[in-house]
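Novice: Remember, this note's numbering sits 27 above the position in the sequence shown when you count from 1.
In short, the hints are calculated from the structure, not lab data.
No experiment lies behind these values; they were computed from the predicted model shown.
It is possible that part of the hints are untrue.
[Claimed, not checked] With beta-carbon atoms standing in for the labels, derived distance ranges: (1) Leu133 to Glu297: 20 to 26 Å; (2) Thr254 to Ser165: 37 to 43 Å; (3) Phe278 to Asp89: 30 to 36 Å; (4) Asp66 to Gln320: 22 to 28 Å; (5) Ser302 to Pro64: 22 to 28 Å; (6) Pro64 to Asn90: 21 to 27 Å; (7) Lys321 to Arg130: 32 to 38 Å; (8) Asp215 to Ser146: 22 to 28 Å; (9) Asp167 to Asp213: 21 to 27 Å; (10) Leu68 to Pro238: 34 to 40 Å; (11) Pro64 to Glu294: 38 to 44 Å.
[Said to hold, decoys possible] SDA-like, lysine to any residue: derived pairs with alpha carbons at most 25 Å apart: (12) Lys321 to Leu258; (13) Lys321 to Asn310; (14) Lys280 to Thr265; (15) Lys321 to Asp271; (16) Lys280 to Cys212.
Glycine included, each C-beta is placed from N, C-alpha and C at the ideal position.
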Amino acid sequence: MCACSPDSVIEEVEPDPIEDPDPEPDPDPDPEPEPTPTDSLSFEFDGQTRYYLLYLPENLADNAPLVMVLHGYTQNVTWAESLGFNALADQYGFGVVYPQGTRDILNNTHWNAQLSYTSVDDLGFLTLLVDSLQTQYSFDQARTFVTGFSNGGFMSYALACAAAGTFRAIAPVAGVMSGITWQTCDPDPTVPVLHIHGTADEVVPDTGLEPDVAGWGGAPPLDSMMTFWVLQNACNQTDTVSIDDATTAFFSKDCVDSLEVHRYSLEGWEHIWPSMEEGASFNATELIWEFFQKY
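Turn these sequences into a full structure, and let the hints steer you where they fit.
Specialist: Below is the structure:
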């Protein structure tokens, strides 16, 4: 999937000045604050140079939360950074890291979310990246979160299962558990989950994927997968709430350690990151941060 937007050019025309015989000096306007730059960084891991973007707001304090945002298949860190997490980081004082996936045998950027056709160690890379950032910038080890779109959502689930002690909560969008993750997942400790998915998604259908599709090793039906996480978190109650004509939310609560499992089902929506600009009744980026803030 590719996300791109055309540049627009607006020609500004200066009006003719109006003469003032005795003009009063205007007070200096307050300058607009310049955005904090995102650093492009890298380190060597498993014989490869791995890249990532790191956004640190000016109000970042010690022991701040850290949010990892994972792009989808064929995408990159530029797309991930466009989702709006930096603006929320400025407002709430957390760090954001955007790792870059490597290229697969088809020369497409990807994450090895325990897939059957690739061997790159993304579990090792992403956990080491988080560990190093927690040490270097004093991020709260108990408040590191991960979200991702599509293949990045698959990777979020792989991390929840294999590195649950590193990530406090996950929020996949239009991505599920790979067949291998589904068969082997036994998180310790368990993690809260927010999942967002469109019912008309043909790339990652909510009915699951057959094992031989594109070498991904299959995927379970979404209903079965969400039931797994509800049981994993020992939730005793699930409330079904109609958000609008197209959005139904399932809130599973009264779970172990006050954790929760949330699912947003968007009727007729395809493979996309929902936002109000796209016609959704909510902004997925803001919804995800609201969920992470609970923990």
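Novice: Each of the hints needs a verdict: does it hold here or not?
Specialist: Status of the hints after comparison with the structure:
1. Checked against the hint of 20 to 26 Å, the C-beta distance between Leu133 and Glu297 comes to roughly 22 Å, which is consistent with it.
2. At roughly 38 Å, the beta carbons of Thr254 and Ser165 sit within the given window of 37 to 43 Å.
3. Between Phe278 and Asp89 the beta carbon distance is about 33 Å. The supplied range of 30 to 36 Å therefore holds.
4. Judged by the Cβ atoms, the range 22 to 28 Å given for Asp66 and Gln320 holds: they are separated by roughly 25 Å.
5. Checked against the hint of 22 to 28 Å, the C-beta distance between Ser302 and Pro64 comes to roughly 24 Å, which is consistent with it.
6. A hinted range of 21 to 27 Å holds for the C-beta pair Pro64 and Asn90, which are about 23 Å apart.
7. One distance hint, 32 to 38 Å for the beta-carbon pair Lys321 and Arg130, holds here, with the actual separation near 36 Å.
8. Separated by about 25 Å at the C-beta atoms, Asp215 and Ser146 satisfy the suggested range of 22 to 28 Å.
9. Asp167 and Asp213 have their C-beta atoms about 25 Å apart, which keeps the hinted 21 to 27 Å range intact.
10. Distance hint for Leu68 and Pro238: a CB-CB separation of about 37 Å, consistent with the stated range 34 to 40 Å.
11. The supplied range of 38 to 44 Å is met by Pro64 and Glu294, whose beta-carbon atoms lie about 40 Å from each other.
12. Using a Cα cut-off of 25 Å, the hinted pair Lys321 and Leu258 holds, with the two alpha carbons roughly 20 Å apart.
13. In summary, the hint linking Lys321 to Asn310 is supported, as the alpha carbons are separated by about 17 Å, within the 25 Å threshold.
14. Only pairs whose Cα atoms come within 25 Å are accepted, and Lys280 paired with Thr265 is accepted, the gap being roughly 6 Å.
15. Of the pairs offered as hints, the one joining Lys321 and Asp271 holds, with about 24 Å between alpha carbons and a cut-off of 25 Å not exceeded.
16. A C-alpha spacing of about 21 Å is found between Lys280 and Cys212, which places the hinted pair at or below 25 Å, so the restraint holds.
Every hint, counting from the list given before, is met by this structure.
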